[in-house]
Amino acid sequence: MIMTRLTPRFSTLLFGATMQVMLALFLLVFGASTTLAQNKAYLALLGDNAVAVIDTTTNTVVATVPVGTQPFGVAVTPDGALVYVTNRGSNNVSVINTSTNTVIATVPVGATPTQLAITPNGAFAYVTNQSGDTVSVINTATNTVTATVPVGSGPTGIDITPNGAFVYVANRLGNSISVIATATNTVVAVPGITRPIFLVITPNGASVYVSTILNGVQVLATSTNTVIASVPVAVPAQSAVTPDGDFVYVPSVTTNTVVVIGTASNTVVATVPVGTAPNAIGITPNGASAYAANSFGNTVSVISTATNTVTATIPVGNIPLGIGFTPGQIDALIARINALVAAGTLTQSQGNALIGKLEQIRAKIEAGQINGAINQLGAFMNQVSAFINNGSLTPAQAQPLLDGAIAIQVSLTIPGAAPTVP
10 MIMTRLTPRF STLLFGATMQ VMLALFLLVF GASTTLAQNK AYLALLGDNA
60 VAVIDTTTNT VVATVPVGTQ PFGVAVTPDG ALVYVTNRGS NNVSVINTST
110 NTVIATVPVG ATPTQLAITP NGAFAYVTNQ SGDTVSVINT ATNTVTATVP
160 VGSGPTGIDI TPNGAFVYVA NRLGNSISVI ATATNTVVAV PGITRPIFLV
210 ITPNGASVYV STILNGVQVL ATSTNTVIAS VPVAVPAQSA VTPDGDFVYV
260 PSVTTNTVVV IGTASNTVVA TVPVGTAPNA IGITPNGASA YAANSFGNTV
310 SVISTATNTV TATIPVGNIP LGIGFTPGQI DALIARINAL VAAGTLTQSQ
360 GNALIGKLEQ IRAKIEAGQI NGAINQLGAF MNQVSAFINN GSLTPAQAQP
410 LLDGAIAIQV SLTIPGAAPT VP
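The numbering of the sequence shown is the numbering used here, which starts it at 10 and goes up by one.
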């Protein structure tokens with residue numbers, strides 16, 4: 010009698026909640042949460058025309074994905090769902106689904122695509138075309154090129170400011186940096202730097218660390234687009250900055266080391282011996298480890314950022330280069346919420362309410378308050394359910410948020426399977 014009076018929406022919600030409980034019980038019984046909590050690194054293997062997938066928990070290669078010819082750069086969408094890979098030899102970009110580790114799309118771009126970066130909202134991928142002197146803009150919803158931006162000569166390195174407003178491009182042969190405004194996809198500034206090749210932007214958006222062929226690492230202030238410091242590094246390659254912005258890790262190709270720059274002083278604070286010819290490096294979302302791709306050693310050196318020592322060496326395929334990481338579970342949920350806000354599905358206020366709960370969960374996990382984190386997860390799921398009830402979210406839109414919350418909850422309740430918290 011009671012069930013006959015339920016509205017279709019409430020019936021759907023009740024059914025969905027029941028399924029969530031069943032899923033959680035299943036995971037608890039069968040111990041599947043370790044895979045849900047798993048973080049992965051995606052590594053371009055230029056010599057194998059493939060991408061290696063590394064389980065960063067065990068530091069082993071768990072899959073190899075065939076892509077285009079001479080893969081070079083790698084970028085992961087903020088929600089961790091897709092990996093974009095530049096293929097220099099076939100002039101296209103491969104799109105990998107991280108759930109299945111298969112290529113789901115191939116996007117033609119310009120000549121010799123080298124590096125790429127994805128906007129913070131996950132909506133666009135910007136690709137440097139080294140031989141075409143352009144940047145291709147890929148819409149990640151349709152995997153089509155929606156704009157082509159002329160830049161300087163020989164564009165290679167690329168990164169995007171944290172607010173998504175500007176794209177910085179290193180023009181290796183043009184002795185310049187092109188600054189692209191994402192609102193218009195036009196170049197709005199061209200600061201001069203001699204032979205820039207790669208670059209990385211700090212999390213606060215204030216500085217760009219530019220690896221140059223002749224003059225080490227040049228530090229560019231984004232407020233003025235002028236060089237404010239220079240750090241001597243022999244043949245620096247693709248660098249990475251820690252999530253807190255305190256350190257930049259720079260592979261030095263000819264010295265077989267990784268140089269660590271303290272951003273507060275712009276001086277070298279450590280030098281870490283690694284494998285042969287490190288050409289690229291990436292840092293895990295939680296900032297605990299740096300993964301250096303040793304292109305002539307066919308290995309990856311794993312560096313503890315706490316001690317600046319190598320803790321593991323991973324054999325991989327031929328000529329490893331660009332590397333990217335799937336985000337931690339909380340950051341993946343935040344990315345999904347931001348996408349819902351950007352699409353107009355949720356208001357900014359609704360998005361902030363959900364993100365605020367996730368940040369409280371993060372803080373409680375970091376403080377070791379597991380019960381408090383689990384309680385807050387319950388509050389997060391109740392809020393999502395309320396948005397289904399008031400029509401802000403459909404059950405289909407809410408499901409990934411609920412699934413992600415349950416994945417975190419399950420990993421917290423099974424020993425040894427705590428989620429990665431960036």
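Treat each hint with caution, since some may be false.
Pairwise CB distance ranges, derived in the manner of DEER restraints [to be verified]:
#, residue 1, residue 2, range
1, 377, 398, 40 to 50 Å
2, 378, 64, 21 to 31 Å
3, 376, 201, 42 to 52 Å
4, 351, 230, 26 to 36 Å
Note that these hints are calculated values from the structure, not bench results.
Using N, Cα and C, we set each Cβ at its ideal position, and we do this for glycine too.
Hints, one by one, checked against the model:
| no. | hint | verdict |
| --- | --- | --- |
| 1 | 377 - 398: 40 to 50 Å | 34 Å, violated |
| 2 | 378 - 64: 21 to 31 Å | 28 Å, holds |
| 3 | 376 - 201: 42 to 52 Å | 47 Å, holds |
| 4 | 351 - 230: 26 to 36 Å | 29 Å, holds |
The structure fails to meet hint 1 from the earlier list, while all remaining hints are met.
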